[in-house]
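With the sequences and hints as input, model every part of the structure.
One letter stands for each residue in the lines below.
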Amino acid sequence: MGLKTFKGGVHPYEGKELAKDQPIKEVRPKGELVYPLSQHIGAPANPIVAVGDTVLRGQMIAEAGGFVSSPIFASVSGTVKAIEPRRVAVGDMVKSIVIENDGEYKEVEFTGIDDVFELSNEEIIAKVRDAGVVGMGGAGFPTHVKLSPKEPNKIEYIIANCAECEPYLTSDYRRMLENPEALVAGMRIILQLFPNAKGVFGIENNKPDCIEILQKLVKGEERMEVCALETKYPQGGERQLIYAVTGRAINSKMLPADAGCIVDNVETITAIYNAVKLGIPVMNRVATITGDGINNPGNFLYYIGTNYSELVEAAGGFKGQPEKIISGGPMMGFSMFSIDIPTTKTSSSLLCLFKDEVVAMEPTACINCGRCVEACPELLVPSRLAKMADKGQSEEFEKWHGLECIECGSCSYICPAKRHLAQSIKSMKKQVLASKRKK
Amino acid sequence: MSDLYHVSSAPHVRAKDTTSRIMLYVIIAMLPASLFGIYNFGIRALLLILVTVASCVASEWIFNKIIHKKQTIGDLSAVVTGMILALNLPVNLPIWEAIVGGVFAIVIVKMLFGGLGQNFMNPALAARCFLLIAFAKDMTNFVTDTYTGATPLAAMRNGEAVNTMDMLIGRTAGTIGETSVIALIIGAIFMILMGVIDLRIPASYIVTFAVFMMLFGGHGVDANYITAQLCAGGLMFGAFFMATDYVTSPITPKGQILFGICCGIFTGIFRCFGANAEGVSFAIILSNILVPLLEKITVPNAFGVVKAKAAKGDK
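Residue numbers (numbering that gives the first Met the number 0), protein chains in the order written: chain V, 0 to 438; chain Z, 0 to 314.
Any given hint could be a false lead.
Unchecked claim - Straight line, CA to CA, 16 angstroms or less: simulated EDC-like cross-link-like pairs of lysine to aspartate or glutamate:
(1) Lys69/Z x Glu373/V
(2) Lys15/Z x Glu13/V
(3) Lys29/V x Asp114/V
(4) Lys15/Z x Glu361/V
(5) Lys253/Z x Glu373/V
(6) Lys136/Z x Asp197/Z
FYI, nobody ran anything at the bench for these hints, they're computed from the structure.
It should be emphasised that the depicted structure is a prediction, and the values quoted were computed from it without experimental measurement.
Here's what the structure looks like:
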């Protein structure tokens, strides 16, 4: 059987061998922990603690600011030191709660559930919501919203995004190897909500061991299966993954639910399991600290709110002076000008590159070669869109479907003239969307 | 220390292919045809190739110097233009005319429109057409020591028989690089393997032309005649090396197929009804002019956009 995939895409250097074989290690934070109130899509959370309060690990410190929002929990015990704007990974200043870690990790009591099947759908979704579960692959979309589609009976596929198509990242891989039972149990909980759905684990075939393990685990499960996918970037893009698994295509104006699908990534499904079965809110997650600029690349279970610099230290520190530090993967991650930045629920990795290859490449004239067209997973014409963006032609930009761009960066990656296509298109998209909101 | 990190927009890695590497592949792909041309027509062919390439590169260098722009000859595109032009010239063309052709190609057709990527006509082909009009006699003089007869195309036009095997190998009169179909196909396969070109334009061009000749060629579905027409003149060279020029062909996949069809129809019209036996160069530059139009009517539908409409229709 041929491997399932999508049209377009690129094959960047994978770099996964750096951290792939490192078991997940727990890192305890030392100093203060910082919790930005906006670490999800939607309304920022509202603080429910005041400066000077003592908090326990697992205590809610900020409540959801609306339906599309998510609460935030203290990952350590200690004292609230400040509530003030702090710099986050994307560069903005965001109002944050700062907690001084007392090093005792005193926890609130978590109450688990013996039999999840006794819970009603509403109870399950409430548990997911109240545990602060959001899309932990990077987008941070509140998971309870995703799990509440208009017509639950029309959901036919729950897709576990196990593609991990971003180069260098290995945290999902380690999760699948070390704790696949939680993943399968999490899937079982989601399937309970959707009686007509089957659960599919979509895994790129560069992780044959994960495919094998999950295949064994779902053998007894009637409603689950494993789908091996071709290793190609951006296989883990939501629209690309849905197409690969189901053959259904959705555009920017549609939700996965419109195609009868719900997509969640490995870390998120694990968090759903923790929230519903064990009653534990989102306080920890796994991140890959890797790159040729780091001494001991590895995968770390950290306390959300930990400063990135502590994770770098846990990975043996920098090898010399790296030129570029990226939060996330090399294709879509944000480069940071400092590592004195707090981690959030969506911090899946820190990539330290000893040499920044992009800065040395000067963009030259577009030769119209069409490689970006071949690479675009959304079947767009990136070189033209970038030109329209640079000239500010918003109408043309929309006519050529510029708003369908998923910002995967494949066009910039493949461009022989080294033009910053994705950058131009991204900023134009922002402009067009902003002007639409004004209307 | 943290002030020293680089900050830029994603992605933070890039593929290895560069513009100059692609141009180098095209140059390598033209070597078989060039070598055969030199073998077929003698050492003067080599001289003509070198002079034309030098003329193109020097024109670009001097032009950039005069208008104080950064040098661009490193991208090797001027070398490609020079080679294509040279392979389109008859071996006995006076050297100074070849130099004029190179200057015309680079300065008038390419640099005055903004340099690489901005020209709307294939520079080498536009220069060839310019030379064809300006120095008609020299440009159509294919008589050499080895070949005293007409080119296969002209011979066919006069109703004479041609040897298809000779045309495949290239032992015929013609321009330096167009005669050997085998050498051209070797180069084309190399470009396809290296991912430089795909088959959309060449295939639609060749198929359209073949169909056109069956309908209007006056010989019906005569396999010998059609094969001879395909192997004759600049068709193979044009279809694989000139119509596929990135800058002057559509970027949209459907537009590329339409472009190939246009080239095929124009070539057919010129060969069947025109005053000259050949028509490839004019067909391609005429199609070059249609590119913006072809792109406009072939804006691809984004992923999921068509199906969304269809789904609504179902309801």
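Status of each hint after checking the structure:
Taking the CA atoms of Lys69/Z and Glu373/V, the gap is about 30 angstroms. The hint is violated against a cut of 16 angstroms. In summary, the hint linking Lys15/Z to Glu13/V is supported, as the alpha carbons are separated by about 14 angstroms, within the 16 angstroms threshold. Note on Lys29/V and Asp114/V: the hinted pairing is violated, with a Cα-Cα distance of about 37 angstroms set against a maximum of 16 angstroms. A C-alpha spacing of about 14 angstroms is found between Lys15/Z and Glu361/V, which places the hinted pair at or below 16 angstroms, so the restraint holds.
Using a Cα cut-off of 16 angstroms, the hinted pair Lys253/Z and Glu373/V holds, with the two alpha carbons roughly 12 angstroms apart. A C-alpha spacing of about 36 angstroms is found between Lys136/Z and Asp197/Z, which places the hinted pair above 16 angstroms, so the restraint is violated.
Going through the hint list in order, the structure does not satisfy hints 1, 3, 6.
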